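Chains as they are written, first to last, in this note's numbering: chain G, 65 to 401; chain X, 65 to 401; chain C, 65 to 401; chain B, 65 to 401.
If you're looking for bench data, these hints aren't it; they were derived computationally from the structure.
Fair warning: this is a prediction, and the values are worked out from it, not measured in the lab.
Worth double-checking, as some hints may not be accurate.
If chains are identical, the list can't say which one is meant, so a pair holds when it fits in one copy or spans any two.
Using 20 angstroms as the maximum straight-line C-alpha spacing, the simulated DMTMM-like pairs for lysine to aspartate or glutamate come out as follows [what the hints assert, rightly or not]: (1) Lys-347 with Glu-313; (2) Lys-291 with Glu-151; (3) Lys-302 with Glu-313; (4) Lys-69 with Asp-367; (5) Lys-316 with Glu-171.
Listed below, chain by chain, are the residues.
Number of protein chains: 4
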Amino acid sequence: MKDLKIAVIGYGYWGPNLVRNFTNLENSTVSHVVDESPDRLEKVKKLYPSINVTSSLTEILENPEIDCIIIATPISTHYDIAKKALEHNKHVLVEKPMTNSVKHAKELIELSKKKKKVLMVDHTYLYTGAIQKIKKIIDKNMIGEIQYIDSTRINLGLFQPDVNVLWDLAAHDISICSYLMNENPISVQAVGKSHTDSDFEDIAYLTLHFKSKKIIHFNCSWISPVKIRYMLIGGNKKMIIFNDLETTEKVKIYDTKYKTKTNPKNDRQILADYRVGDIFIPKLTTREGLSSMVEDFVSAIIDKTKPISNYDIGLQVVKILEAAQRSITNQGKEVKI
Amino acid sequence: MKDLKIAVIGYGYWGPNLVRNFTNLENSTVSHVVDESPDRLEKVKKLYPSINVTSSLTEILENPEIDCIIIATPISTHYDIAKKALEHNKHVLVEKPMTNSVKHAKELIELSKKKKKVLMVDHTYLYTGAIQKIKKIIDKNMIGEIQYIDSTRINLGLFQPDVNVLWDLAAHDISICSYLMNENPISVQAVGKSHTDSDFEDIAYLTLHFKSKKIIHFNCSWISPVKIRYMLIGGNKKMIIFNDLETTEKVKIYDTKYKTKTNPKNDRQILADYRVGDIFIPKLTTREGLSSMVEDFVSAIIDKTKPISNYDIGLQVVKILEAAQRSITNQGKEVKI
Amino acid sequence: MKDLKIAVIGYGYWGPNLVRNFTNLENSTVSHVVDESPDRLEKVKKLYPSINVTSSLTEILENPEIDCIIIATPISTHYDIAKKALEHNKHVLVEKPMTNSVKHAKELIELSKKKKKVLMVDHTYLYTGAIQKIKKIIDKNMIGEIQYIDSTRINLGLFQPDVNVLWDLAAHDISICSYLMNENPISVQAVGKSHTDSDFEDIAYLTLHFKSKKIIHFNCSWISPVKIRYMLIGGNKKMIIFNDLETTEKVKIYDTKYKTKTNPKNDRQILADYRVGDIFIPKLTTREGLSSMVEDFVSAIIDKTKPISNYDIGLQVVKILEAAQRSITNQGKEVKI
Amino acid sequence: MKDLKIAVIGYGYWGPNLVRNFTNLENSTVSHVVDESPDRLEKVKKLYPSINVTSSLTEILENPEIDCIIIATPISTHYDIAKKALEHNKHVLVEKPMTNSVKHAKELIELSKKKKKVLMVDHTYLYTGAIQKIKKIIDKNMIGEIQYIDSTRINLGLFQPDVNVLWDLAAHDISICSYLMNENPISVQAVGKSHTDSDFEDIAYLTLHFKSKKIIHFNCSWISPVKIRYMLIGGNKKMIIFNDLETTEKVKIYDTKYKTKTNPKNDRQILADYRVGDIFIPKLTTREGLSSMVEDFVSAIIDKTKPISNYDIGLQVVKILEAAQRSITNQGKEVKI
């Protein structure tokens, strides 16, 4: 079978990783890289002399040889490029989040259905060894029903040019929660603040409310002196901590439980009962998540499989982010989804 | 000078620490311990044969020899005991938070003024080497103006019998922020949830809003598999991390800065500039905070000094907690203070 | 049954812990504390008004009411005090290491046999939840045969007045290894150096050689800027790490294996095969080791049980330390045991 | 000026890093890669289509266009390849350690002098931001005179095929100490053991003795369940810890001192005095050490500068390793250098 011909649009922060992974993949060849910066294009040429470089997106769209467009440009440009790509009958893989509005995300999904082309969002985290292992643990009911999720994702920079910190960092958390849970939130609340000349919040807190009364909470910052990637997943049987900065102990499963009840004789009195038990740290695959992601994209095209990071998850992420944005603008008011 | 005679009410979790510290202090003698549990009183007798034990509060109140009443009972009982103690002309030290309502806190303050007796709240954290060092660093303007504070204070249990997790854990954070900052919040928002049969939230998130647009955020939980005590204090010159679980590196000062501005020619474009520099870890005193706290209480009586953990901070904590409670009940609505 | 009457000799660093634990124990009463320093005796009186204090050891030895002598004085004094105590028909618990010479240790053991009195050494580590758990894991053959043990035990101070760092710190490691293994070393090598005016080495490295060709290595220092208590125990099936400074993760069991063989066709070529697997962190009891140790001592007297930290282990520790001393003096020469 | 033409011999573990760094460097072009494995050569072709690949070393040696030979093959082959390369008038960069015998190392140095070609050893560690910073700190006398160095360098695998763990791991430590100190050891002692079918020790301990009575100690293992890279450098004014596995806190400077003296009145009594102070964590450059190393090599050729990782350090490393080997064979006997 002929290799899929891949064009990568944008060679900034993430583009080089995409080029490297598609290059290492069977069944695909990166034939073109598009970027406005001649410096970046020169870098491509130095590392990959066989890849063609250009600053013209049109040239790529009109090239019938190219099967897939990989979009690694700023978020506000996703919709335009993806739309054009689908209209030109290309398969599309777009950086997370899919678009900066629900309206646009839905339009792209409709267009991809109409054109029968794959539209996939690069929520790489879902493909990491850690999240794949956690998904299996939850699906096997090892931790029981999820009671809460709490994530802290903070670091210094990189400030995004066209969105706030939630669109950048919480996008990861939302995709992970959507993937792990069988339930979607019914409303969100968010507060945030910009500490610079920019309008885009660099610190923000997001709470998701569920019909089951669960709450999920994300703490995001671009202006923390330290980097933290720390997620707690509390089940009613066990609890998980996912610390992505750990090298060999990313996922820890705590045999920890709690139970309290009010004393039937004295409803003011709480009887507490909790147990701390063993901790288990499963071995994770060391395969790069991005490598599985690009493979999943190519499978979706060749084998017509439904990708893990499919457009439903992509849309769900944009829905929550858009609602969160509205909540921030309204001083943390609850916004239905 | 004659030693102050001290009676400690409540010998549960914190009472033993208070007895030990007042016993080691000059100028004070613990003469009585009051508790309803004979078992606990027996423990007192075994360790301190010279201390009198009783289950009768009245006996203590009516004993004219006793100068000070130290209240280490559940929060819902603070007001009653403190009121009676002041009415019987005793100095009062009450566990944090002072009361479970602003109304009661104000009443106690008025009564202490009228009776000319010391009323102090045991916000022990303010006396630790870490917070004393941070206070000095901030007052010397070493980190510039505070931009944000973010605190995570989570662990498994101990569930409080008569209040939710904010009244228990956020009480620490609020007292610390009140002490460190020159500004009080104008409104709060909080969400929380109980995961047990009890009505009291065991997870809760609290955001404080300031006139200066600052936000401060607290993450509190009684049902985390791990214990975390982690506070970020971001200044516009430097940043501090206070990790209370570290043995020798509790306070770290990061020479970290960020600045972004929109490009004047293209207001869509953000120019980001951040710097990561050296880290400095100051040596802290190893004196137990509680030891300084009881000394401050005794000084307030003998030398008429204003204690660090005075009733103004005590009242401020109750104000914020009461507002937070109302916000939780109203699904996270903003509540003015 | 009448309580055992206990006299504690020495109220410096460790004495207070012994008094506290014997006080909390059933079947025993601390009746006397002996120390040369009036300040220390005053401290005893303040905390325990019912305990008699004195600076006269003779008074204690000649008091027929006293059943047991607990020796918490500098190492060079152990032999004299223990000998007198046994001669006066007292049971003896002596701080580790038992004596500073093998000759003296053997003498005490003979005397205790002759007098039919318990002689036990306080190797507290053996009673901690961590070592008890590790012992069980090894005895159940979960890690297979022990291949190596490697321990780092370093900190700043406390310099001992009459022995070098091995007698102080390696004493712990040697007692642990003696307890965990079924084999005694046949020779030792040690190097060390004093970095002060004192003759006693403050850094030293000790290697134990076994008939089975195993090697065990201890790294000890009093002049490290950080405190480390880190022991690796490599089995041929699994490996254990015991990090005593961890709060909740002291003992980790690694499902890690390695195997290499030379290529039969080309004996220069090594075929390596290693596997990194899951990690398991067992829950440990939180009971203080010292509390179990004093209970074991009292049981040895009342129930005639053989204590875990018996004089055989005590003697073994002194044998190795004495040999290590000789090796240091001889520039690291191998010394047979 | 024309670029230097570089041939890299060996494309196993380290070769790819060398190719990448020489490719990114100005003034140099990787023209050839030599390896016996067709698979590896195919990998080169995929990533760098412009590089020529071959399995014939002779072809490279006889190619007059090639200026430099970079040797990244097993240690036992270094001497042969380097000798031929120098004889063919190539500059040589050889992986650490330079050779497996002092005799061969000296021969290569003589040959390089005679041929007036650069001979350099890739002790990459010397070029890292951490070691460069530590070197500056020491040279500025900030920690005073070095009292001791203690390094732990352990992990699981990679077993080397033709040398023991000291030749692999201690080579790093020896090069670092040679670079940081103004004094060479006068003798060494080492013990080690193989736990596999191989003859090569996989655990070994090495002690260096100095005329000044200093001791330096290295703990190396290929069969540890965890990776540790931890070096303590104790000065008589301050102390440094270099933890290479830390992301942002690799180098910590402790304002820690100790002093003891014997009591002049009672020479049995030790008066100890130690102080724990602030900790300072300097910002390090994030430049890859290997990138500076290849630049230093090219400078040595073009600008005739003396490289940091020069053949004197390279020879010193081999001297100590050879002596250590002899000590292991003789049960840890002291071996003069």
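When no copy is named, should Lys-69 and Asp-367 be tagged within, between, both, or neither for a Cα gap of at most 20 angstroms? within (16 angstroms within a copy, 46 angstroms between copies)
Go through the copies and call it for Lys-347 and Glu-313: within, between, both or neither, with a Cα cutoff of 20 angstroms. both (8 angstroms within a copy, 17 angstroms between copies)
Given a CA cutoff of 20 angstroms, do Lys-291 and Glu-151 count as a within-copy pair, a between-copy pair, both, or neither? neither (40 angstroms within a copy, 52 angstroms between copies)
Check Lys-302 against Glu-313 for me: Cα-Cα at most 20 angstroms, and say if that holds within a copy, between copies, both or neither. both (17 angstroms within a copy, 17 angstroms between copies)
Intra/inter-copy verdict for Lys-316 and Glu-171 if alpha-carbon distance must be at most 20 angstroms: neither (40 angstroms within a copy, 49 angstroms between copies)
The structure fails hints 2, 5 (numbered hints given earlier, in ascending order).
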